[in-house]
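Chains as they are written, first to last, in our numbering: chain A, 1 to 259; chain B, 1 to 259; chain C, 1 to 259; chain D, 1 to 259.
Treat the hints loosely; a few may be bogus.
[What the hints assert, rightly or not] So the derived list for chain C, only partly shown, Cβ under 8 Å to chain B, looks like this:
1) 58
2) 116
3) 156
4) 159
5) 163
Keep in mind the hints are simulated off the structure, nothing from the lab. Glycine residues also receive a C-beta, built at the ideal position from the N, C-alpha and C atoms.
Each chain is listed here by its residues.
4 protein chains.
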Amino acid sequence: MRFNVSADLTYDFAAPCEVLLLLEAADGGDQAVREERLAMSTQPRITRLDDLETGERRIAFIASDTVQIQYEARVEVADRDTALAGAPAATLEQLPPGALRHLRPSRYCPSDRFERFVNREFNGSVGGDRVVALLEWIAAHVDYVSGVSDAATTALDTFVDRSGVCRDFTHLAISLCRASQIPARAVSAYGWQLDPPDMHAVLEVYVGGKWRLADPTGKVRPEGLVRVATGRDAADIAFMSIFGQAQLINQSFAIEQID
Amino acid sequence: MRFNVSADLTYDFAAPCEVLLLLEAADGGDQAVREERLAMSTQPRITRLDDLETGERRIAFIASDTVQIQYEARVEVADRDTALAGAPAATLEQLPPGALRHLRPSRYCPSDRFERFVNREFNGSVGGDRVVALLEWIAAHVDYVSGVSDAATTALDTFVDRSGVCRDFTHLAISLCRASQIPARAVSAYGWQLDPPDMHAVLEVYVGGKWRLADPTGKVRPEGLVRVATGRDAADIAFMSIFGQAQLINQSFAIEQID
Amino acid sequence: MRFNVSADLTYDFAAPCEVLLLLEAADGGDQAVREERLAMSTQPRITRLDDLETGERRIAFIASDTVQIQYEARVEVADRDTALAGAPAATLEQLPPGALRHLRPSRYCPSDRFERFVNREFNGSVGGDRVVALLEWIAAHVDYVSGVSDAATTALDTFVDRSGVCRDFTHLAISLCRASQIPARAVSAYGWQLDPPDMHAVLEVYVGGKWRLADPTGKVRPEGLVRVATGRDAADIAFMSIFGQAQLINQSFAIEQID
Amino acid sequence: MRFNVSADLTYDFAAPCEVLLLLEAADGGDQAVREERLAMSTQPRITRLDDLETGERRIAFIASDTVQIQYEARVEVADRDTALAGAPAATLEQLPPGALRHLRPSRYCPSDRFERFVNREFNGSVGGDRVVALLEWIAAHVDYVSGVSDAATTALDTFVDRSGVCRDFTHLAISLCRASQIPARAVSAYGWQLDPPDMHAVLEVYVGGKWRLADPTGKVRPEGLVRVATGRDAADIAFMSIFGQAQLINQSFAIEQID
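Just chain A, same shape as in the assembly (with noise of 0.2 Å):
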């Protein structure tokens, strides 16, 4: 499938300050960008910091007064396989490089506190179909709800409260798998038909030989979804991350499917 994509954002900054962006579409795997424009409004001197791990893509800069960013792209996803049942999990050896850091508990995913949850619950089941299990638990036990979390809500949190947003439900997944040792990571997209739209956050697993995306919130199918960062968790794949001050004066994001 194709999309476009774009992004507007107008953000007050009363001092100059550092601001990472990650807010392009990543480019490599699954998905290739053919045509993109980023413009600033200010023209400040920008670093790329490119993760060629993950086609993940990412600029600095200094950033001060009022700065309005616009991106567009046009993105061509490829079928992706993200079949879960079934697909068995991997070995340590199996794993490709840099697997591992996820399956171990992060800032927002205490994997470590929910093993026996899940060896208790899901005993029968591995890989896979356990990935399935645990989000079905999700769908089945947690309400999609605004307004009740907020950057603090860890996993642990959500377990309890029973309640949150995209955010949360991928944190939740995450550590579970992870304390199921399966590993688990962060990605941010951009979602189709994701309403209202935002910068979607769901979750992506490694089993059966190759990470599958998968959206623990039901609201993006995974097709429709445009990656943009990669991480242990939000605190690795916040769209932008200010070293500072600023007020957010305006921000919206769009996908549309092309022909």
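Fit chains B, C and D to the given chain A structure using the hints.
Same frame as chain A, now just chains B, C and D:
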């Protein structure tokens, strides 16, 4: 300086399970392994999963029954520049590959929670001077006490409880550095003259154009540290990760200087 | 001093549910209610559940549809001895009935976590002098900031985050007092000259043979406080507890001095 | 039923400090103390701080050096109506004095966090039937395991970790009841046939017009419980509160049925 380091571990495994071992001295950068021996009482097939970026060396194998692991190495540690005072902070574009993730919060280092604290209390200093100020604050406000913390203890806990062991001191130091926008990571190490001998946890900060080791407990001088693993926090550098159940029978570590 | 206090609350109740209201000025001890009026737009059967020990007054009723509650009272506050400096600590046997529970940790005041901190930092002072030292520490280290805390925020959070509102300041002050073995409890009050007007949260400590009011935010002088409810922490003194779902339409509080 | 209960405690106090002891069998309500003896190896002046509302008995004294405390009592426990099934919930106006506070969250029972969970999972039941459903859920989902919890463990931790001891089971049960708007409080008790013998923690819920005892671990039948202290959670019912430092030398508890 040159050191002989050794470790002797025995565990009982009721059922076969995967084990990841991060026990060997890192090879590369400011230290070189001159000679070494890794012996196991059983003869499992061993998979090496070494990390070229950090020199961290890892093996994975299937453990079963009683397993004794013996490791010995002769390691040469180069003169290290661990001077912090006056070392300038790095901008994002000056960071080496992989440093970005060490600016972000992690499982045991929720640095996002400490931003107001560091801004309020250490406002006057930046870069290496800031690190010096943070380490002095920790030394003045936190007691080294065994038995008050456990595997779930975070830097937030230690900040409140005002007590902990090397792991806790390291997590707090890392958190305060990252909240100060200084990359900081956890390092496990054989620590010369550490009493009692044990695997030690310290941190590394990126200031003045390089990663610089520091021991927030003040127990080991930087030149007496033989590095093993490197990661975001203790979740990444455990010397033994057991993907199943095991019982500790015995473990000991030793390090001696060779003239 | 004499005050007119008033409150005006309107809520929408989708379904009938029980409501507990702790809104009326306490009557007894150092303040006397001279005249008052409590009116509701609906005419539910009201059950009084007043507490004779503290003078706290409570009503329970079944709310449904839109309910407007209007309260007005003329209250005389006696000269209060709120002097802390030099006030001796009480031994267990000197405590008044009901004070014991205010030595213990509670939902938002996990005082057990602060024992090492207070012993380390305030070792030289006891009784009222200790309270003065704790309040000065809070004033010097915590910023009054709206919007950084919520209904789940504990004193531990505030101690780390270094920011909060009156409720958070009060929880931290209570926690540090209890960790110092000084009974401390939460009090809701109409606060004279509080800007903007709101229901205020302060604390009371038992030193020098009596309960003494203090406002850790420094916003209201003790003689300007018209006490309402008393409890272990905010969990006990909410002016409205709704045992079901309701939507806030409007709420306002006012207090004026009468010559 | 009639029981002999006894306790034998020895502690070392490096410096004199106040001690509060909640060790004696409660006298009143559904149990009567027929004969008892409390002996201490030193002869401190003892202050009684008994609570008439609950029959809880407390003594305070100054401890120094080595103190051995021996307690023995013969207690008669009346037939208790602990039936939960079908017992109706109480409205606020039906609550006995002091019950209101047992609807609210406390240090170890953050019941405010469990409201969505209980509403989602136990929607069909109220009153005593709700309590039965909650206790069955706990029995089915939490493992009794020693050593996984400590003095800081809350019901939220236990809900996630799915393991704990009697104190943890009790905190979780209390939290789920309060989240269901059912008053619930913690009770310490000598527990007949508890193996190994220890001071036990159970809960009491207010349904069907009275407080009813229940043991969420299922280890002791309600008629085999000799009540000691009553409070919001473990913070209130510790059998020994030491306002200073002490070292445990020995402690043991026993209970025997008398024909």
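- Message: I'd like to know which numbered hints this structure contradicts. Please list them from smallest to largest.
- Response: 1
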